[in-house]
Every structure is written in C-alpha cells, then in structure tokens.
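Undergrad: Residue strings, one per chain:
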Amino acid sequence: MSTDTPVHEGPGILVERPFPAAARDALKDAQLRRNIGKATTTIRAKRRNAVAEMPDWEALRDAGYAIKRDALRRLDENLLKLDASVTAAGGTVHWARDGAEANRIVGDILAGHGAEEVLKIKSLTTDETGLNGALEARGIDAIETDLAEVIVQKGGDRSSHILVPAIHRNRAEIRAIFKRELPDTDDLTDDPKALTAAARRYLREKFMTVPCAVSGANFAVAETGSVAIFESEGNGRMCLTLPRVLITVMGIEKVVPRWDDMAAFLQLLPRSSTAERMNPYNSVWSGTRAGEGPEEFHLVLLDNGRTAVLADEAARDTLNCIRCSACLNICPVYERTGGRAYGSTYPGPIGAILTPQLDPSAEAATLPFASSLCGACYEVCPVKIDIPRILVHLRSKANAAKGTTGEALAMAAMARVFGSERLYALAQRAVAVGQRPFVRDGQIRALPGPLAGWTAMRDLAPVPKQSFRGWWAERKR
Amino acid sequence: MSAARDAILGRIRAALGDAPAEAPVPRSFRRAGTADRAALIAGFAEKASAYRVRVELCGAAEVAATAARLLGERGHVRLAVPAGLPAGFAPEGFDLVPDEGLDRATLSAVDGVITACACAIAQTGTIVLDHGAGQGRRALTLLPDYHLCIVEAGRIVDLVPEAVARMEPAVKAGRPLTFISGPSATSDIELSRVEGVHGPRTLDVIVVRDA
Ligand code: SF4
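Residue numbers (our numbering), protein chains in the order written: chain C, 9 to 485; chain R, 15 to 225.
With a straight-line cut-off of 16 Å between C-alpha atoms, the simulated EDC-like cross-links for lysine to aspartate or glutamate are:
(1) C:Lys214 with C:Glu124
(2) C:Lys54 with C:Glu284
(3) C:Lys201 with R:Glu209
(4) C:Lys46 with R:Glu204
(5) C:Lys187 with C:Asp198
(6) C:Lys89 with R:Asp20
(7) C:Lys162 with C:Asp149
(8) C:Lys162 with C:Glu181
(9) C:Lys214 with C:Asp149
(10) C:Lys405 with C:Glu371
(11) C:Lys201 with R:Glu204
(12) R:Lys186 with C:Asp268
(13) C:Lys162 with C:Glu189
(14) C:Lys89 with C:Glu231
(15) C:Lys187 with C:Asp199
(16) C:Lys201 with C:Glu181
(17) R:Lys186 with C:Glu231
Some residues of chain C that are not near chain R, with every Cβ distance over 10 Å (derived):
(18) Asp37
(19) Gly141
(20) Leu190
(21) Glu303
(22) Gly383
(23) Ala406
Taking CB as the label site, the calculated pair distances span:
(24) C:Leu381 with R:Lys186: 43 to 49 Å
(25) C:Asn57 with R:Arg51: 23 to 29 Å
(26) C:Lys214 with R:Lys186: 32 to 38 Å
(27) R:Ala119 with C:Pro368: 49 to 55 Å
(28) C:Asn178 with R:Ala101: 51 to 57 Å
(29) C:Asp198 with R:Gly98: 44 to 50 Å
(30) C:Glu387 with R:Ser42: 15 to 21 Å
(31) R:Ala179 with C:Asp194: 49 to 55 Å
(32) C:Lys201 with R:Leu71: 27 to 33 Å
In case anyone wonders, no lab produced these hints; they're calculated from the structure.
From the three backbone atoms N, C-alpha and C, an ideal C-beta is built for every residue, glycine too.
Construct the entire structure; sequences and hints are all you get.
TA: The structure is reproduced here in structure tokens:
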C-alpha cells in the first residue's frame, strides 16, 4: 500500500449494527419476508430462462471476467486514458479520494450554478458516499427520479434491493406515501398503473424545469470517453439529456478499455439483472455535443476504498462487480432478511464482501459471516466473482483482527481447505463423520464450543454422508 | 496536476505492484449470427413483440401508407419529425412538425414522433439510434408519449456484438447512442410491469422488408 492510506468518510456506507442483530429483527417482519420472497423467486425463474436462451453464456462470463481482470490490472492506464478522452470530448474530469471529497466536488459544481435542487438517477455510488445528505447540508435538495427511489425517499426509508429498492413496500403502503407526499393525489387508488402515473406527473414537472442532474455510471470506455447507463424507466434519459449540467459520479473500477468490451456487458448485465434480453433503455454518451444533451458534463472518478480492495489480491475480484443483483436474488440468506439488514448500500452476497472492504468498522466486519457458503452466488455471477472464497478470506481476516480465537483458526483452516480440491474432499468426509453427535431430526441445531455462534442464528443442514463429488464419481463409473 | 489524481494513481500502482499481466481476454462468445434476412426480420419482430411493441411489415413503397394506417388507428394527428427523415417515410394527411429546436413544452405536447434508426438487433428486439439523420436528438424520442420507428430490414443485425461493431464508428466520432427495447417500463411496484413511466408509453415499429 502507498503511504497515502485510503480514507473512508462516506456517510452512506454505515453499518450501524452487527448483521446478526439486524437480521434477527428482519426475520420477525413477515410482510417483508413475503415481499422479498416473492420478488426473488420471480426474478430467479425469469433469469434462468433468459440465460438458458444463450448457448454462449459461459463464454460470455469468461470474457466478462477476463475483461474486468485486465481492466483492473491496467487501471492507472485506463483511468488516464479516460480522463484524456472525456476532456477531449468537452467534459471535465475530477478525481475523488473518498466519499467526502466526491460530495464536496459535486456540491461545489452545483453551488457554482446556484442550484437549489438537483435531479438524480438512482446510483449506488452516490448512495455509498451519502451525497444526498451532504447536499442537503449545503441547502441543495436532491430529487430522486427512479420510481422506486421516489418511494424510498418519500417514505423516509432505506433501499432494500439494488435493483428494486422499494420491493419491501406493497401497493397500499406506496399509496399512503404518495398521498402524503405528492401533489394532486386526492383520488389516488392503489393500482400500480395509477401510482406510476402519479409519480410520472410529479417528476415530469421536475425534468422540465430543474437545470442540473447527477448520475452514476454502469460503464465508461477509456478509448472513446463514453459513459453508459442502463435503465428501464426513461428517468435516466431525462436526466442525461434535459438538464444543462450533468455530473456523473463513477467508481474507478467501472472503466473498461475498449468500446468492443461493451459487446460482452450489453449481454451479461440485462439478463443477469432484470432477467430481460435487454433492458428498455441504454444510453451512451461522450462529453458534450452542440444541440444535444447537457452543455456541461463533469465526470467524478471515485476511489473511496477501492484501491484497498485492489491491493488485496485474494479479494480483488470484488471489483469485477457490475451490480446486476443476481447474487442477491439467488441467496437464501438475503431472501429471508431482505436488504436493509445488511445496513449498507450494498446488500446480499456482494454486500457481504464489498461493504466490509469499504467500511472498516467492526459492525461491517460481521457481514462476511452472513452466508451459508452454498456457492449459488458464484454460479450466477456474470463476471465470475468467487464470492464464497472471498467470504472465507474476509472471515479469516476479521478473525485475525479480533485476535486468535478458535473461530479464527477454524476460518483460516477453512480458507486453506476451500483453496484446495483435495483438502475440500477430505474435509467433507471428516465432517460427515465428526458431526454425527450433533445431528437431531436431520438438522444440526447447536454446535459446540467456538462454532456455537454459527448455529445460534440458523439450523444447519448436516453434511450428507456422501458428498456430491463422491456421488458423482460413483455415478460416472 | 490534481493532488487527488496523483494520490489515487499512486495507490493503484502501489496496490498492483509488479503483479503479472493478465492473460489475453478470451472472446470466444458469438460475434456474428448466421440468420438470413427473413429469419432476422422474424426474429426481430418476435423479440420486439415480447416487449409489447407492435410490429408491422411492409415493402419500401408502402411505408408512408402503413404509417398513416397505424397513426390513424392510434388516433394520432400531430407528429414531430427529425431532419433527414427519408421522404418516403412521411405519411400524408398528418400534421408533421419538423424538429428545428422545438422547445420541451411543444415536444411534450405532440401526439408522437416518427424516426428511422441506425440499426436493430434480432436477438433482443432492440432498436439503436445514433441520433444521426432521420433520428433526431435524444430528447425527440423521449418527451413525446408515442414513438413510431421505421426499421429498414438491411439494418437488422442478428447479435448484440454485431450492433456494437456497427456502432463503433459513430461512438468514435463522439455521437451518443440510445438502445431502445420496448417502451419505458417499470416493475417497481410489487413487480407488476407498468409501461411508460417517463419515456414514450407506446412504441410501434414498421419493418421495411426490401430496404
Ligand atoms: S457480485 Fe456478481 S452477481 Fe452479485 S451483483 Fe455483482 S456482478 Fe452481480
């Protein structure tokens, strides 16, 4: 690491409570579990179909993985190229070491234009930096324009899913929020069409009049200076084309070297994310252009702990993430607790590895333990992030930070075991034998000693007497 | 140069140290399809219809008449049109408003907009605009509530990578792109799909078989 240690001032990543405590409360909320359960099951099935249609899906995943690995390996070069190409296209590039610096840059630009309001496209990155709060402190009102974000923002609430942030709210609750917060809603029914129309009316007025907008970015292309945003509703297109000033805040890991790289991501992202062949709108733009879109374009490149992730070779792949949310939808832990229990911008399996790396608090360090290591997240990940392996790595790191405990030793051993196929097979057999005394009615309800924490929150399905590998090897014979 | 920039670049270089270069990127996914024109048209029509797009087929000589019929059925009269829309694409008997810097209020108030496209993708039912001649600036296909897009069959490619390759010169020339797959949609409320949150609520497409 360089002597200039990354600073984490971002008020958005804020894990206030250890995950087990937050999860315990979430588990008591039956409505939340129903909503999340329904959502994840629906998206999961749809995704399976969208992926099954693609005979070259695995080749696409391999390409996606390799493009990101290579882009990160040459990150300095790519960022410099991007800086130059965006500048040549008439944009202005800013660099931000941490969330506070990014917020300051955005705030200064807006203040320079005398802005009192700013339109926003849903963006995890600005959520991570806590931009809305920082702007509010300067008297600038951030107006979310994604329907779900409107619901979350007007409900004074926190997002529960990367893709469908208001998935924990049902139509009756949304109607109540809109009636309270939006103009002309006296006769509003709880029909999703009517609710959407009410939001459309309210936002159309904002799009037509507010002169500044802030967005995130899905990708940026170093060679062309292009920034890309994938979306559904068209609120993105509104914010990207109508305001006079556009500010895009982007994590430094989002840069890819070449336009051609988009051939892979334009296929991987929609099918993994909304489980569609293509999402309704993708916008690509480079700098500014006379008579077309904003007159002023700013790109803010944000580190905020990403370089620390880059430095940890065992966890570096975390930066491959294209924020599709496929791993959330497949995760049995997420399905039961919902996103808010993770206490951070990034929930689910990706949150369990990304959050503790961006937020060094002890509370965040509990997140890698929120997983059953079932491996489903790795299988669905379009950029092949081996989340279980990184979870185990971060667990052993967290435990090492706590000092040498029995659990720390167990996790360190586990990290080694996960890293070796032979050891893994041996361990499976050892556990199948060693667990016998603890199995009651086919479930492990309590483990002894240092492993008790593991079963306090969950029943554990025992490791079957025969491992999958064993069964497979036998079957093949 | 900016201190933040130097600091971040320094952190990156320190983080990567002398890590070895990555292996070359395998690009063994499909780069081009094999479908013939009839299959491309059928594929595009099927995939676009899945987004509740209405797709009409016609010959080059019938474009204006087909457009007129569609607009008549929809009850639309006043349509914005971009500069460079091929003459044969303009239906007769309608109030066509050329976009010579129309203001937002006017754009929002017209019944709809008629445009061509840069290319279309059979695999996904997507139309791609590079906002060149016949397509207009980005706001033109965004603010009106109805979009009629005329797709010449020769512009339909099979796979996404073909569209990416075909758009490369436009991107390198600094043009913006808009990929459109069906009308604006949201599933934010209990996952039930609602069309037309902010963009056009309705998208019709005419595919010109022999163009
Ligand atoms: S970790 Fe993979 S599956 Fe999860 S959000 Fe990121 S890209 Fe998607």
